[in-house]
Each structure stands twice: as structure tokens, then as C-alpha cells.
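Enquirer: As a plain string of letters, each chain reads:
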Amino acid sequence: MLDAIPAPLVQVEDLKMHFPIYSGIFRRHSGDVKAVDGVSFEIMAGQTLGLVGESGCGKSTVGRAILRLYEPTAGRVLIDGEDVARMAPEALRRKRPSMQMVFQDPQASLNPRMTLADIVSEPLDEHTDWTRDRKLERVYELMDQVGLNRRFVNRFPHEFSGGQRQRIGIARALALHPRFIVCDEPIAALDVSIQAQVVNLLEDLQERLGLTYLFISHDLSMVRHLAQRVAVMYLGRIAELSPAKDLYARPLHPYSEALLSAVNEPDPVLAARRKRIILKGEVPSPANPPPGCNFCTRCPKVMDICKTVKPALLEVEAGRMVACHLHTAAGATGASEAEERKRPVNQQGETR
Amino acid sequence: MSDSGAPPRPASQLRDIWHQFRTHKGALFGLITLGVLIAAVLIGPWLWLPEKLSVAEAIKLKNQGPSLRFPLGTDQLGRDMLARMLLAGRVSLAVGLVAMVIAIVFGTFIGILAGYFRRLDGALMRLTDMFLALPLIPLLLVMVMLFRDRVAALIGPELGAFTLIVFAIGITSWMATARIVRGEVLTLKEREYVLAARSIGARPRRIILRHILPNVVSPVMVAATLGVAEAIITESVLSFLGLGFPPDFPTWGRLLFDGLQYMQVYPERVVWPGLAISLTVLSVNYIGDGLRDALDPRIRGR
Chain A
508 MLDAIPAPLV QVEDLKMHFP IYSGIFRRHS GDVKAVDGVS FEIMAGQTLG
558 LVGESGCGKS TVGRAILRLY EPTAGRVLID GEDVARMAPE ALRRKRPSMQ
608 MVFQDPQASL NPRMTLADIV SEPLDEHTDW TRDRKLERVY ELMDQVGLNR
658 RFVNRFPHEF SGGQRQRIGI ARALALHPRF IVCDEPIAAL DVSIQAQVVN
708 LLEDLQERLG LTYLFISHDL SMVRHLAQRV AVMYLGRIAE LSPAKDLYAR
758 PLHPYSEALL SAVNEPDPVL AARRKRIILK GEVPSPANPP PGCNFCTRCP
808 KVMDICKTVK PALLEVEAGR MVACHLHTAA GATGASEAEE RKRPVNQQGE
858 TR
Chain B
234 MSDSGAPPRP ASQLRDIWHQ FRTHKGALFG LITLGVLIAA VLIGPWLWLP
284 EKLSVAEAIK LKNQGPSLRF PLGTDQLGRD MLARMLLAGR VSLAVGLVAM
334 VIAIVFGTFI GILAGYFRRL DGALMRLTDM FLALPLIPLL LVMVMLFRDR
384 VAALIGPELG AFTLIVFAIG ITSWMATARI VRGEVLTLKE REYVLAARSI
434 GARPRRIILR HILPNVVSPV MVAATLGVAE AIITESVLSF LGLGFPPDFP
484 TWGRLLFDGL QYMQVYPERV VWPGLAISLT VLSVNYIGDG LRDALDPRIR
534 GR
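Taken in sequence, the protein lines are chains A and B. In my numbering, each residue carries its 1-based index in the first sequence increased by 507. In my numbering, each residue carries its 1-based index in the second sequence increased by 233.
This is chain A alone, in the form it adopts within the complex (with noise of 0.2 Å):
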């Protein structure tokens, strides 16, 4: 969209969330959940980020740390060059109007007891002095931005349909001209046929106000349709952060190539055709990520060095980053670029 190179608006870096865990009589600290254990990664400012990954990898907790709705164990999260991670609750509050979110449960997110107007206007009662007339007329303005009609206003969330309630959801975050809104699957609740309205409404009102998203889901091909860049998490780190289409067309880490062997092929001939890598096992425990490579259980290209090493994420091709030893061992770019990369691998095997 923009000519020059864009900047980056979100800067994630090395992102951590632990939940403890505690146990026994005394409720003692005896481990932690590594929901995301250093997650790294930028959006350009007017750009969508997909987050892909299966049940309970860490995506939503990404985006929740990154608003600071969870307080992150570690890491930095700037947006518009300001650490959100560490902010003072006071700042935070001021911040919080240029970084919104949309959630996954447009039914749990609205407040059964309140209006529609009640809802939308909540964002401009916490950070406006707006006489009740101007909100209203922000309200309106807002609602025929996401496709509601003016007569609804005083409905209650029960009495609208899923889709709906959605854009109210959008209309909500959208009241104080945010820059980032990170989508947490908004689309993951809805009809098949409600999902592409609620995707055009987001494409639509990107274009129009310039908006950066973080688009988390774990629909591969509503991600491939929105998205720029996607990022595909695994049991909390970033396995591949790749350019779209580069990843639709040749993913590189073994587990973007699984999950996307899962998206189904409309075409009756092509689905015949494709070959579905199933994998085997289950997701290992967040509490106790195995010591190497946290896909190494279930890996069908499983190598010795992956069970003992953790694998960083590295820069394997232009723009294409990669958490895998075959990648960097190997090397699809050369031996010496190969040999370069492997020391910050093992330096990084060492401090874990």
C-alpha cells in the first residue's frame, strides 16, 4: 500500500507467557505452562500477519500478551516504537485506544445487558468527554462503517444474528480509530456463509482506514486469502514466518507442510490427488516441552540433533524464516551460509 518500504508498527521480541503451576498442600511453584516460550516478529504498518496453529499451540495467548490482557513473563511488545509489555498501568490506559481486539466469541464478548449503543459507545465513555449527542452520532457513524443498520440501536446482542454480532464486535473495536487490531479467529464461530462478510468487512475497512492486523486463526485458507505474511506456531514458538504465498506454494518447516496437507481441496480431482501427511501423537505437554525441537515427537523427517537441540528461528531465504535443522543444516542456500547459521544454533542449544 505504501511506496516506500513500510515500517514496522509491531515489533514482538522474544515473547514469553508462563503460566505457573501450582501443586501439592502448600501450593508450591513446581513448573510453568509455556504458552509461548519466545515468540518473535514484525507487522508493517497497514499489513495482516496471519497466526496459524492448531488447538491450544498459543496463538490467542500471542495475542492477548501483546495487548497486555496477560502479563507476558518476559519479552518486549512495541507498537508505534513504545514497549507495551512494560508500560505504566496509567500510559497503558492512554495507549490502549491505538491497539484494539476483535474476539473469537462475538456471543461472549458483548455484555447480554446491554444495548448496542451501550456497547459501541463504552470505548468513546472511557477515553472521550463527548456530550451524549456526539457519541451517538459517532455510534451511527461507526455502525454504518460495519454494515449494521441505524434501527438496531437499541437492540440487545440475543437479538441479532452471529455475523452481527460480529460487526458489532468490529464496530466496538473500531470507536477510537485504532492502528493494530489483532483478530483473535474472529471467524472460527461463525456459518461458512457469514465467515467471507465478516472477512470482506475486515479487508474493506484495512483499505479504508489503513489498520494493521494481527489475524489469528487456524483457518489456512481465510489466513492465505487475508494475510501477507503468516507466521505458523507450534506448542508455543514460531515454526515458520514465511510470505504467503511462498508458503502456500512450498511451506518448509515439516509442520506447515502437515498442517497445510489438511486444507481441503474444493476440487474433487485435485482432492483425490493430494497427499495428506497424518501425523502421529499427540502435542506434547506445554508444562514440559520436550528439550529439542518442540515438533521433534512427531516429525515424520525427525533428525538425532532435533531431539537434543532447540532449533532457532533463522532467515533461510529472502524473507522466509524457518525454526528447523533441516533447514539450516542442510541449507537450501548454500553449505558456508549453512555453516555460518548452525553456531547461533548451537550457542542457543547450549543456554537452554
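Result set (DSSO-like, lysine-lysine): computed pairs, CA atoms no more than 27 Å apart in a straight line: (1) B:Lys422 - A:Lys523; (2) B:Lys285 - B:Lys295; (3) A:Lys752 - A:Lys808; (4) A:Lys782 - A:Lys752; (5) A:Lys787 - A:Lys808; (6) B:Lys422 - A:Lys602.
Keep in mind that the hints were calculated from the coordinates and are not lab data.
Once you have looked at the hints, place chain B on chain A.
Expert: Then chain B, alone, in the frame of chain A:
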């Protein structure tokens, strides 16, 4: 709703709430009954003036059944039961409602603080446990014993007794509400709409008032309606034990206990106060039920 014209402005919900409340037959019945009871005890003593009897006449007229002269009969001292019932209702209704309000407000306050702020949870819940563990009647007795004379000296014996009893009942019956509310708040604060409010940057006070409090209304209503009955009964227990209102000062509970020893011979002596207490409790219950439905937009419908 017309299709054209200016979009509607946000309307007050009071009309919708009243509209739904009216559709609840029991609630309407309860409201009317309670209204009649309150009106009767407020203006009744001015309208029904019992005839002045000498002591000798009164002794002769003791334990009468209902008649035109004494619509509800007379008690063991020949006093007119209707007049006593009306006077007693003032105190009983006031004690029941005020003690309930104190208990509910206090219990909800403690419950929300404990549920919402994890830091306060342990301390406040232990306090609640402590109050629950205290034996209620002895505690009330000690409180009344210790403070009755002092409060009475300050604001007069009757008002003093009233204040003390209401306060004593209020602060010894908030625990159940606090526990219920805390549990409810714990689940509510993990809801996505609370998370959404936090992501907007809403302050805890706003979140509590806007998102949590309206959603704990139902359990609070139930606790409140049960609380009224309990307060009326507790007051009568206190009066029975001689530590409530002065013995010649009628309350429904007191009339009930006075009538108890004559129940075999003159059952109506127990029936009248019992009926009054039951009617009050029942109507408050139904009002609470109707109010709960009316306040929930999902049930209210359109």
C-alpha cells in the same frame, strides 16, 4: 417499528422493564399484596382506633374470637388484635426490609471485592468464614446486651432498639450473599466481554459497575427475597428471648410467640401473625422473581 424516518435514539429501559414486570402475574400479585400490607400498617393505626377499655373490662374480654367489635379477636390481656397487628406490621416490615438491604449491600460489596480483586480474596473470605462460624444467636444476644442501653440513651428506647436490631441482623446475615456473589464474579470476570472492556482500557470501577454488577443481579435477588423472611423471623426470636423490642411493643414475631402457648385453644392467635409474615415473604419472593426476569433483556424479549 417503522422502516423509514430517523433512526431511533437510545431509549430508557425503564419502560421495557416495567412492561415485562407486568406480564409476570405472580410479581404483580406480590407487588399489590406488599403494597396493601405496607399501606395498611402505615395508615391503619390512624383509621382503626381500638376502644379504650378499663382493666376489669379488658380481663373479661380476653381471648375473644373474631367478632365485629374485635375483627381479629383479643389477646390474653384483652387487647384488640387488629390494632396490635397493624402496629406490629410497621416494625416487622421495616426490620425485614431494612435488614435485608443492609445485608445485601454489604454482602454484595464484600463478594465483588473478593471476587474481582484476587489480592483481597483470601482476607475477605476468611472474614466471611469467621462470621459464618460465629454462633448467631449468642452473638446477637451479646451485641444487644452490650449496646442496647447506650444506643437507647442516644436516640430513645424504641428507635434505639430498632436501629440496633436492624444493624445486628444485617451484619450477621450478609455472608451467604457474599459467597454467592464472589462465586458469580469469579466466573463473570473471565468472560470475554470483561476482557473486551479491559482491552478498551476501562477502569476496574467501571467494569464492576457496568459489566459485573448487572450480571450478578439474579442470585442477589434470590438471596434478598430469602433474607427478608429470615430477618423478620430473627427479629421475633430476639424479641422472644427478651432482647429485642420492649415486651409491650408488638411485632409480628412477638405476637406469634405470644400466641404459641395458647395455640391449642385459640389457634387464630397464631394464624394472624403467621399469615402476615407468610404473605410478606411470599410477595417479596414473587417481586424478586419478576424483577429478575424483567431486568434480563434475554427474557424480556421484544
